[in-house]
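S.K.: Residue strings, one per chain:
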Amino acid sequence: MTGSAAASAMGEWIEGAATIVDPTGLHARPAVKLTKLAKTFGAVVEVRADTDATWTNAKSPNSVMKMKAAHGSPLHIRASGEDADAAVAALVALVERNFDA
Amino acid sequence: MPSETAEAVREAVHRGTAVCGGVAIGPLHVLRGVAVARREAAATPQEEVGAFRAALAAATAALEAVLAAEDELAGDILEFQAALLDDPDLIEPIAATIALGTPAHDAWAAAMDTEIAAYREDGDPVLSARADDLADLRTRVLLALSGGEGGGGTTPAGAIILAVEMTPSSFLALDHARIAGVATTGGSPTSHVSILAKARGVNLVVGLDTVPDETLEGATAILDASDGTLVTNPAPVTLGEAEARRAAGAAARSAADARAADPAVTADGVPVKVMVNIDDPALLDLIGPAICDGVGLTRTEFLFADGAPDEDTQFTFYARLLAWADGRPVTIRTLDAGGDKPIPGVTFDGEANPFLGVRGVRLSLGRPDLLRTQLRALARAAATTPVPLKVMVPMVTVPDELERVRALLAEAVAALEAAGTPCATPILGTMIEVPAAALTAGTFDAGFYSIGSNDLIQYATASARDNPAVASLADPLNPAVLELIARTVAAGAARGVEVSLCGDMASSPALAGALLATGLRVFSAAPAEVGAVKQAIRASVSNAPEDGGDA
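Those protein sequences? They're chains Y and L, same order as listed. Take the first sequence: its position 19, counted from the start at 1, is 19 in our numbering, and no numbers get skipped. Take the second sequence: its position 412, counted from the start at 1, is 412 in our numbering, and no numbers get skipped.
Any given hint could turn out to be false.
To be verified - Among chain L residues calculated to face chain Y with C-beta under 8 Å, some are: (1) ASP76; (2) GLU79; (3) ALA83; (4) ASP124; (5) ALA494.
Unchecked claim - Quick list of in silico lysine to any residue cross-link-like pairs, SDA-like style, CA-CA up to 25 Å: (6) Y:LYS66 / L:PRO344; (7) Y:LYS68 / L:PHE348; (8) Y:LYS66 / L:LYS273; (9) Y:LYS39 / L:LEU85; (10) Y:LYS68 / L:ALA58; (11) Y:LYS66 / L:LEU90; (12) Y:LYS39 / Y:LEU94; (13) Y:LYS66 / L:ALA494; (14) Y:LYS68 / L:GLY75; (15) Y:LYS36 / L:ALA305; (16) Y:LYS66 / L:ASP76; (17) Y:LYS68 / L:ALA54; (18) Y:LYS36 / L:ALA54; (19) Y:LYS66 / L:LEU67; (20) L:LYS273 / L:ALA494; (21) Y:LYS68 / L:ASP87; (22) Y:LYS66 / L:PHE304; (23) Y:LYS68 / L:ILE116; (24) Y:LYS39 / L:ASP76; (25) Y:LYS36 / L:ALA95; (26) Y:LYS66 / L:LEU303; (27) Y:LYS36 / L:GLY345; (28) Y:LYS39 / L:ALA58; (29) Y:LYS66 / L:ASP132; (30) Y:LYS66 / L:SER128; (31) Y:LYS68 / L:GLY345; (32) Y:LYS66 / L:PHE302; (33) Y:LYS36 / L:PHE348; (34) Y:LYS39 / L:ALA54.
Said to hold, decoys possible - Far from chain L, by Cβ distances over 12 Å, these chain Y residues were calculated: (35) GLY11; (36) TRP13; (37) GLY16; (38) ALA17; (39) PRO74; (40) HIS76.
Hints listed in this document are in silico derivations from the structure and should not be mistaken for laboratory results. Since we're looking at a predicted model, the values are computed, not measured. The C-beta atom is built at its ideal place from N, Cα and C for all residues, glycine as well.
From just these sequences and the hints, can you work out the full model?
M.R.: This is the structure we're talking about:
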């Protein structure tokens with residue numbers, strides 16, 4: 001995650017979390033929805049499964065897919081940049097709505 | 001045999017498994033999924049990066065063009081592929097490698113190979129399923145780089161497509177209005193592609209005993225998708241006969257389709273119900289309920305394709321299906337996994353003989369957690385419809401299995417009621433797929449019987465349904481099979497409950513007369529076959545042995 005170091009230099013991280021309701025976790029459709037939404041923000045946005053030590057670029061569907069974030073566990077979300085607050089709020093809401101499944 | 005050079009082209013008959021459709025005639029178009037034309041890298045790395053970006057844009061545009069025309073099922077696959085083409089973490093490192101001098105096709109192929117291996121690496125079923133989509137995407141971009149269109153754009157009009165293997169996305173990329181049919185050497189009649197073909201009425205034969213040969217490109221061919229054969233370079237007399245059958249089939253089909261929504265009544269005035277089989281949620285967007293008398297079979301396995309769905313996901317689909325049926329009766333089958341339908345993480349691996357192993361209700365009773373969730377969702381859905389929901393249990397062999405499901409259903413309903421959740425108890429029925437169940441059907445306390453003819457044939461004739469070598473023995477017209485069906489129909493009549501048949505036999509117009517002769521009065525067919533099956537019923541009498549014979 002080369003993005004992390006760069007982003008932290010930009011300023012503070014805004015953090016949030018929401019529980020993944022989908023029984024299969026973050027599979028293709030939710031991964032695509034999440035990354036599409038993340039891309040609408042200028043902020044650097046990253047996500048992390050509860051068991052992961054590192055953060056993943058929330059704008060990369062391939063990376064998000066490979067996180068294998070599991071059902072019933074929290075998904076941690078953080079953003080840094082001008083619209084970081086809105087990005088975290090939007091992504092948390094999307095996960096809470098179960099990706100509009 | 002005589003001179004090998006006498007005929008440059010010789011008629012050849014290739015056998016496969018019929019999936020759906022009738023006779024098609026056209027030039028062969030051989031799809032070589034991996035045969036991407038060789039290309040030379042551009043003069044400078046900068047130009048090469050430009051070619052790469054242009055290929056990504058072309059592949060994205062091709063995906064989006066297909067996406068616009070497709071349903072939800074296809075959409076999920078294509079959207080994921082399109083999203084990857086716009087993934088900075090994936091694309092930028094490849095572009096950087098190209099900028100340093102690696103040809104675009106090598107850089108792309110190597111990067112995708114690494115990703116595909118990573119997706120398959122640890123056997124995670126959700127990720128492994130997506131590895132095929134990545135492989136498909138790898139080819140799409142390589143085709144775009146070499147100037148191909150990566151889709152069905154170059155397919156000659158009226159062609160019969162010949163391929164080794166076909167992914168759902170490559171199947172969907174074909175322009176179904178322009179092609180005559182599809183034949184594959186791989187594939188199975190129960191694959192995703194087969195189900196898409198049945199829903200769309202595409203002539204399809206799978207499991208051909210011939211590997212597609214590029215020299216066949218453009219050769220005239222006859223695809224008989226009702227018989228499961230592909231004839232290449234047919235002799236004039238063969239071609240003439242096939243043309244007559246094709247024309248007759250086309251005329252019959254248009255006559256049948258014109259009357260698809262009319263009720264089916266036999267030539268001697270007996271009404272017959274024709275229902276549809278629903279394989280996939282996406283079908284509900286493609287067909288209207290007016291063509292059928294209800295849903296005779298809903299295969300719920302597709303809900304489990306990405307792992308076990310939760311109760312709300314299942315409830316949402318069941319309720320949507322019931323709303324679609326608009327008051328017509330609906331039958332939903334509980335999970336029928338195992339045998340030739342393994343579900344990662346659900347079915348047992350390594351059974352020596354999976355068709356005789358822990359499948360259908362045997363598996364559900366061994367995984368009561370999954371069954372309870374499904375029964376709760378079904379009981380909740382049952383409260384949303386004005387007509388009673390029917391739930392059928394697959395692979396039942398003895399009455400006790402049905403009673404154990406009934407006990408779990410009663411528990412689920414009691415729990416929902418205690419919690420104040422709206423619910424109703426569905427009618428519980430037995431599938432008849434095992435000869436033991438057919439011969440003892442009258443001893444089951446079943447609210448209805450649904451004959452699963454594919455498995456009934458395989459068990460009655462000891463012919464595995466996925467083994468082409470014994471396909472000729474798996475004959476639906478074997479008198480033993482018809483006797484098992486007739487006994488089930490009689491047991492239903494004696495107990496005053498409905499008997500329907502939801503296997504492939506009911507989708508075959510040629511078998512309608514034989515089924516009517518067993519006393520069967522409820523058919524459940526693939527949506528694309530409903531019109532033809534109704535027409536065959538109209539042309540048959542209800543229960544008449546052929547004149548003169550008392551065999």
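S.K.: Which of the stated hints cannot be reconciled with the structure, identified by number in ascending sequence?
M.R.: When the structure is compared with the hints, numbers 5, 8, 10, 13, 17, 27 and 33 turn out to be violated.
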